[in-house]
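A.B. asks: So the chains spell out like this:
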Amino acid sequence: MNNDTVANILLTTILPGNFVLAMFLGMCPFLGVSQKLSTAVPMGIATAFVILVASISAYFLNMLLVHFHLEFLSVITFITVIACAVQLVEMFVKKTFPELFRQLGIYLPLITTNCAVLGVALFQTARNYNFTQSLAYSIGGGIGFTLALILMAGLREKMQLSNVPTLVQGAAISVILGGLLSLSFMGFSGIGGGE
Amino acid sequence: MSAPSNFDEFLDGIWKQNPIFIMVLGMCPTLAVTVSAVNAISMGLATTFVLGASCLLVSILRNAIPKQVRIASYIVIIATFVTVVDYAIQAISLDLYEALGAYIKLIVANCILLGRAEAHAAKNPPLPATFNAIGMGLGFTLGLFMIGCVREILGAGKLFGVSLFGAHFQPWVVMVLPPGGFFVLGGWLIVFAAYQQISVKRNKQMERSQP
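Taken in order, these protein sequences are the chains called A and B.
The first sequence: position 188 = 173 (our numbering), numbered continuously.
The second sequence: position 48 = 57 (our numbering), numbered continuously.
Everything labelled a hint here was simulated from the structure, so no lab data went into it.
A couple of the hints might just be wrong.
[As the list claims (entries may be wrong)] Okay, the calculated bits of chain A under chain B, using three or more residues with CB under 8 Å as the criterion:
| no. | region |
| --- | --- |
| 1 | 62 to 75 |
| 2 | 157 to 166 |
[What the hints assert, rightly or not] With the Cβ distance kept under 8 Å, some of the chain B side facing chain A (calculated, not the full set):
| no. | residue |
| --- | --- |
| 3 | L40 |
| 4 | A88 |
| 5 | T92 |
| 6 | Y96 |
| 7 | A111 |
| 8 | K114 |
| 9 | L115 |
| 10 | V117 |
| 11 | A118 |
| 12 | L186 |
| 13 | P187 |
| 14 | F191 |
| 15 | F192 |
| 16 | L194 |
| 17 | A203 |
| 18 | Q206 |
Keep in mind the model is a prediction, meaning the values are calculated, not measured.
Each residue gets a CB set at the ideal place from its N, CA and C atoms; glycine is no exception.
Construct the complete structure from the given sequences, taking the supplied hints into account.
C.D. replies: Structure representation (structure tokens):
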């Protein structure tokens, strides 16, 4: 059993153990949807919600799997549940915010293949978190992901006004920006007792 | 125009459409496991196997899977092979399994796999689909290896665990930490962009010299 306190887990996953910047989970949307602040915020919130749903269902699913000694099915069941949760979010967004739905485009269904979502389900199982710990882990992860996305979007909006050499335009400069952001997040290491 | 041969499909993924450097897909494992060259290669080969096997199966079943549920079916197929690889690696080398950790299972969520299944395997017969998938997988492995080498050499002064620079080398620790992954990938992306610019220029010059 893992003895980390809830506050500890929450802080660690938001700052020093940030999903995107320290564990490289969810890089695709991080590089793909971080061009504008107006799409980054809803994308972050949608992903955070899916992470939460996935974490809760993965917790109970795992109990079920362990009970029947079917642990080898964990990957398949987790990903199926996540796909369903994403479908739910997609339908909800399409119905209530059609404008936003068009802006997010392909990246909304792609939350399914967002490593952060599956990552939460797998890591919480690997670390033997109990229910409240998993909840803290998933909420912290969602907030951390949204935070990283918003920070990155802010940086990239600024960058559109600056003169970037043609050679590094596009993916290269975004990756290096991500590196700088990750470097600054290393400054938080030590908060919450570290990993 | 004739259909591209199997060999062309194979080469495409390795160089011209390299998943990491040209298409910028599958970033999570690219940055997370490339701390050393050995990890990078084993991750790449595991992904290649899953990619090849799942694309073969998707391609065989491409007429049987209804269009509405295709993504879900692809994911289940991919997840099955990932589970196979996960247990295989655990059986072969426990050290490697611990080094790669949950990232083996996270192959499921690698965009390259779903992207290949959807964009290529679902539209092509089994043989070219498999060749294309294996080419892509090897291109991915090559990309991981190139990043892994740089990070291991700079961050630990070693390659494949063999010390390169002697005792006085001061390791550049940041390279094996998360930010280093971003920086090395960014560096390689710049190299590839420069290469593309040069080859475009050269093609233009050739066209001019042969009117």
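A.B. asks: Each hint should be assessed against the structure and marked as holding or not.
C.D. replies: Verification of the supplied hints:
no.	hint	in the structure
1	62 to 75	holds (count 3)
2	157 to 166	holds (count 7)
3	L40	4 Å, holds
4	A88	4 Å, holds
5	T92	5 Å, holds
6	Y96	7 Å, holds
7	A111	4 Å, holds
8	K114	5 Å, holds
9	L115	5 Å, holds
10	V117	5 Å, holds
11	A118	4 Å, holds
12	L186	7 Å, holds
13	P187	5 Å, holds
14	F191	3 Å, holds
15	F192	5 Å, holds
16	L194	5 Å, holds
17	A203	6 Å, holds
18	Q206	7 Å, holds
Checked against the numbered hints given earlier, this structure breaks none of them.
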